[in-house]
Every structure is written in structure tokens, then in C-alpha cells.
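Asker: Next come the chains, spelled out residue by residue.
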Amino acid sequence: MQKKLIKKVKGMDTEFQEYASKFESEINRGISTLSILSIINQYGEDGVYGYQISKDLLDQTNRMLIIEEGTIYPILRKLEEDRIIDSKREKEGRKRKFYYITEHGEKIYNYLSGFFSILTEAIAPLFDVSVHLKQNKYFYCPACANKIDLKNLEAKYCDVCGHYIENELDERGLIK
Amino acid sequence: MNENSMNYTVREYIKEVEKRLPEWLKDKKEHKEILADLEEHLWSKAAELSESGQPDENSVKLAIDHMGTPQNIAKEYKRRGEPKYYITKELWPYYTKALGAVFAVIVTLVVIGLIVSFFTGNGSFESLIGGLFTGIQIGLLLAFAIVTVIFVALSMEGYFPEDFKSKKEQQLMKELREKEIKEGVTPQPVKKPLKPFIKPGETIVGGGIALIFGIILLSQPFPTYMLRTDFIAILRIFGLLTMLEGTLDISRGILGNRRHNTHQALHAILIPLKLSVIPLIGILMNRPDIFPWFSEPWIHVGISVEFYGLYRGILAFVIVITCLTTIENIYNIIKIQKYK
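Which chain is which? The protein sequence lines are A and B, in order. The first sequence begins at 100 in my numbering and counts up one residue at a time. The second sequence begins at 1010 in my numbering and counts up one residue at a time.
I should point out that these hints are in silico values taken from the structure, not numbers from a laboratory. Be careful, since some hints might not be right.
Pairs of lysine-lysine residues, derived as DSSO-like cross-links and limited to a Cα-Cα distance of at most 30 Å, are as follows [stated by the list, open to error]: (1) K1344(B) with K1106(B); (2) K154(A) with K1035(B); (3) K1038(B) with K196(A); (4) K1344(B) with K177(A); (5) K1028(B) with K196(A); (6) K1028(B) with K1041(B); (7) K1188(B) with K1098(B); (8) K1037(B) with K196(A); (9) K1084(B) with K109(A); (10) K1028(B) with K206(A); (11) K1176(B) with K196(A); (12) K1204(B) with K1070(B); (13) K1183(B) with K121(A); (14) K196(A) with K1174(B); (15) K1344(B) with K1041(B); (16) K194(A) with K1204(B); (17) K206(A) with K1204(B); (18) K1041(B) with K1087(B); (19) K1038(B) with K194(A); (20) K1188(B) with K190(A); (21) K190(A) with K1183(B); (22) K187(A) with K1208(B); (23) K121(A) with K1028(B); (24) K1283(B) with K1041(B); (25) K1093(B) with K1176(B); (26) K1188(B) with K1028(B); (27) K1347(B) with K1035(B); (28) K1106(B) with K1070(B); (29) K1024(B) with K196(A); (30) K187(A) with K1283(B); (31) K1041(B) with K1106(B); (32) K1208(B) with K1038(B).
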């Protein structure tokens, strides 16, 4: 699915290259789907078509997450089948298919994005790097890692696990 | 590379992708849209990669490289369902049901065989019990292997149970799902779902049994030294025909309630295949002397003259049944026409 970074290096030990390439695939698989979902989420109600998703993926990942562009469509189809996204085809012109995140998809995305962010922050010291969560922009549910945008903060409970979050928000001075 | 040549390169690439798409997807109208989206993407990419902003020879080639190989694209479509021991979680309940049904049939057949052998006085009690266990073991092993191979293949292709449903049923399910998303509730079907023209599970199981039976007749893993060589040859031909019939039935089961034309073609092939058994029965009718007769102490070759009438009557009945089953195939060809 992904164009592997390691495969670009010429004249390498084949065994090493094969092993590293397999590992790269494993790491990239879930990340690619989540990144695609993130792009679709960014476009909100305007929706976005396949080609634009592939362009944005390259641009927004410093050209590191290089997916074989044809494989974006099976991923989109699967997300649509799972009701995470919805699609509409342009009635005129190039009749491109625009993808939108569904309400259900948004909930899933917020949770997965929160989980991935917290996990990345947690494992960062293992690789001697630092990752800082944007705590001033988002609140991460302490019970389930769901990412809650502070701009839209209305509920007192996490909409994924139902955890009561008002006290924690208050402690952090996030309630105006 | 001129415009025609670029078009040709793109068309060939798209054709190659189409060829490799999984069967369940090729059957849906949606696959044409998928190919159109890929082509649109490819041309946009070629334009982006060209210095002039218009696709050219190099940019088309580069764009195809960026798209990925047709194999990889198809592989992603096949990556469907939650893996569970090489068979997806979605197909697992059908797999266990199919195994259960085939096992039950095999055990029943072997037990019936044992009872018949017991009452005809063939062999000692010990040898019959031994035969029972050997028969069950071989039968179960064969059935397990065949059913597992079929379901692993289906899982690898990314089949879901709903892919075996007719297009109308799939459409109805899609409408219901859309309604469910819109209204946030699970609605009840507005009309009764269409009755499927084939029960895939049963057909696959039936085909599997026929296949196993055919393999047994063809390979003849039983003592044949007492049988006449011409009778053994007839058994082998009959086994081969049964195997072919079983394979076609399995194919029909895998196709499920879709690909109406292929179903009709398979039924049409089944008719001459079934009818080709009639000459074999004809030979047996004319040659009662080669038919093994179960009597003391084991097998006596050749029917006694006083039973010729009964023997020929039974075989004539088998011919009538065979003809009736071919009428069923013709009926199915006509019936499937209505589903198109």
C-alpha cells in the first residue's frame, strides 16, 4: 500500500531491506487510514475527492507518508462500507466523488486520533524524541483517550465513554 | 508519445486493474465508477507531474508509477474482513455450518453403508466396525480439506456473506442502511426480501459431497479384485462425471445469487453432463453379467437371471430420475432469467 522508504535505497543488503520493508508496512497500515480520515475530517461539509486527499497527504506529512495513490480508493471504499465516511458524486463537470466524514465517523476519528496522539507522546521517550500534545487546544479524556476539541466544549461527559470530565477541566482551568 | 498512445497506456493500465479486481467487486456496478475514479486520478496526476501542466509521455508513466501496481490495488480491495485462522470472522459461522452439514452427511452415509453391509452379511462384525471408522476418517478428512480450501479461497478474495445475495437484495440492504444513517434508527424492511434463487451454503455442501463421492469412485480406495474390469471402468467414468458435476455445483454456490448469465451457462453445461450418465446405465442394463451382486460370502459378480427384470427396472428408474433432474436445470435457466 505504501511506497516504502527503505525500498528507495539502492544496493542494500536484501535480507535487511525485506525485513525493514515488512516492518514499515506494519507501522504504516493503520497510520495511513487514520491520516486519510484526518484529511477528510479537515474538509468537513465541503468534502474532498481522492486525488486531493493524496496531494494533501504528501503535503501535510512532509512527503513522508507516501501511499501508492491507487490504493487510496480501496481504503475509502472500506471506510464508506463501515459508515465512517459518506460520498456524493458531482452531478456535472468531472463527476468526481467527494467524501465526507459521517457523524459516527467523526466520533470514531476523535477517539482514534486521541488514542494515537497519547500513544505517540507516551512512546516518544523510547526513541529519544519529544512529542507535546496541544493541551490548550484539545482535552484528552483520561478514561478512554478520546480527543475533545476545546472550541466545541459543551458536554460534561466524554461522548465516547461517558466519563465525567467537568472536574478535570476545572482543575486545569479550562472552564471559562 | 501522442495523445492516442497515452490514452492506450492509461486504458491498458485500467484494464489490468479491472482484470485483477476481486470477483465480488466486479459484479457490482460500482466497479465501473472505481475504474473511472482511478482514471480521473491518473490524468490529474499526470498533469501535475508534467512541466507544461498537460499530461505527456513521461508524466503519464510517472503517474502510473505513483498509482501503484494493479496487483497492489486489487490486493487492497481483497483485504476485507477480520482475519481468523485464514478464514475471516465474517465467513466463519458459514464455514462451521458447512463443515457440520458435510460431516453429518458423511457419517450418515457411512453408517447406512455399514447397516446395508451388516444385513447383507458382508464381512465380520470387526471388519465392519473397522470399515466404519476408516470410512468416517477418510470422509471427514477429505471433506474438511475441501470445505476449508473453499472458505480460505473466499476469505482471501475478501468475500462477505452479503456478496452471495442477489443485486436486488443488496440494493435493499443498502437503502435500509442509508435510511438507518439518516434517521439514526434501525428501520424494518419495507417489503419482503426477494426469495433467493439459490441457497449458496447448501449448494456448496452438496457439490462438496458429490466431489468427494466422485473422487472415491475415481480413485477406488476399496478392494476391486473381485470386480470385472469393464465394471471398474464404468465406475471410474461415473466418478469423473460426478466430480465434474460437484465442481460445477460448488462454483454455483460460490457465485451465490448473482452472475445470472454464468449460472445459466453452468446449468446448461450440467444438462449434457447428467445425460452422459445414461449411456453408462444403458451398458449396465445390457450387461447384467458384470454387475456385482452382494450375497454370501462376499460379492458375486453377475445378476441371477430371475432378477434381470427387477435390475433393469431399477436402472430404468435411475434414468428417469436423471432426466427429471435435467428438467430441473432447464427450469432453473428459465427461472434465473426473471432475476436479471
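Asker: Taking the hints in turn, state whether each one holds.
Answerer: We went through each hint and held it up to the structure:
Between the alpha carbons of K1344(B) and K1106(B) the distance comes to roughly 28 Å, so the proposed pair stays at or under 30 Å and holds. With a C-alpha separation of about 28 Å, the suggested pair K154(A) and K1035(B) falls inside the 30 Å cut-off, and the hint holds. Pair hint K1038(B) plus K196(A) holds up; C-alpha atoms about 15 Å apart against a cutoff of 30 Å. Restraint check for K1344(B) and K177(A): the C-alpha separation of about 34 Å exceeds 30 Å, so the hint is violated.
Restraint check: the Cα-Cα separation between K1028(B) and K196(A) comes to about 23 Å, which is no more than 30 Å; the hinted pair holds. Distance restraint check for K1028(B) and K1041(B): the Cα-Cα separation of roughly 12 Å lies within the 30 Å cut-off, and the hinted pair is therefore satisfied. At roughly 26 Å between alpha-carbon atoms, K1188(B) and K1098(B) fall within 30 Å of each other, so this suggested pair holds. With a C-alpha separation of about 17 Å, the suggested pair K1037(B) and K196(A) falls inside the 30 Å cut-off, and the hint holds.
Under the criterion of a C-alpha separation no larger than 30 Å, the hint pairing K1084(B) with K109(A) is consistent with the structure, at around 26 Å. For the hint pairing K1028(B) with K206(A), the CA-to-CA distance comes to about 37 Å; that exceeds 30 Å, so the pair is violated. Only pairs whose Cα atoms come within 30 Å are accepted, and K1176(B) paired with K196(A) is accepted, the gap being roughly 22 Å. Restraint check: the Cα-Cα separation between K1204(B) and K1070(B) comes to about 49 Å, which exceeds 30 Å; the hinted pair is violated.
Distance restraint check for K1183(B) and K121(A): the Cα-Cα separation of roughly 37 Å exceeds the 30 Å cut-off, and the hinted pair is therefore not satisfied. The suggested pairing of K196(A) with K1174(B) holds, with an alpha-carbon distance near 26 Å, which does not exceed 30 Å. Proximity of K1344(B) to K1041(B) is assessed by CA-CA distance (about 28 Å); at most 30 Å being required, the pair is judged to hold. A hinted pair counts as satisfied when its Cα atoms are at most 30 Å apart, and K194(A) with K1204(B) does not qualify at roughly 36 Å.
For a cut-off of 30 Å, the pair hint linking K206(A) to K1204(B) is broken: about 37 Å separates their Cα positions. Pair hint K1041(B) plus K1087(B) holds up; C-alpha atoms about 17 Å apart against a cutoff of 30 Å. As the CA atoms of K1038(B) and K194(A) are separated by approximately 16 Å, the hinted pair is consistent with the 30 Å bound. A C-alpha spacing of about 22 Å is found between K1188(B) and K190(A), which places the hinted pair at or below 30 Å, so the restraint holds.
For the hint pairing K190(A) with K1183(B), the CA-to-CA distance comes to about 21 Å; that is within 30 Å, so the pair holds. About 34 Å separates the Cα atoms of K187(A) and K1208(B), which puts this hinted pair outside 30 Å; it is violated. For the hint linking K121(A) to K1028(B), the alpha-carbon distance of about 27 Å falls within 30 Å, and the restraint holds. Of the supplied pair hints, the one linking K1283(B) and K1041(B) is violated, its CA atoms being roughly 38 Å apart against a limit of 30 Å.
With a CA separation close to 28 Å, the supplied pair K1093(B) and K1176(B) stays within the 30 Å bound. With a CA separation close to 34 Å, the supplied pair K1188(B) and K1028(B) exceeds the 30 Å bound. Only pairs whose Cα atoms come within 30 Å are accepted, and K1347(B) paired with K1035(B) is accepted, the gap being roughly 21 Å. Among the hinted pairs, K1106(B) with K1070(B) is inconsistent with the structure: their alpha-carbon atoms are about 49 Å apart, more than 30 Å.
For the suggested pair K1024(B) and K196(A), the alpha carbons sit about 21 Å apart, so the restraint of at most 30 Å is met. Taking the CA atoms of K187(A) and K1283(B), the gap is near 50 Å; set against the 30 Å cutoff, the hint is violated. The hinted pair formed by K1041(B) and K1106(B) fails the criterion: a straight-line CA distance of about 35 Å is larger than 30 Å. Annotation: proposed proximity of K1208(B) to K1038(B) holds, straight-line Cα distance about 23 Å (limit 30 Å).
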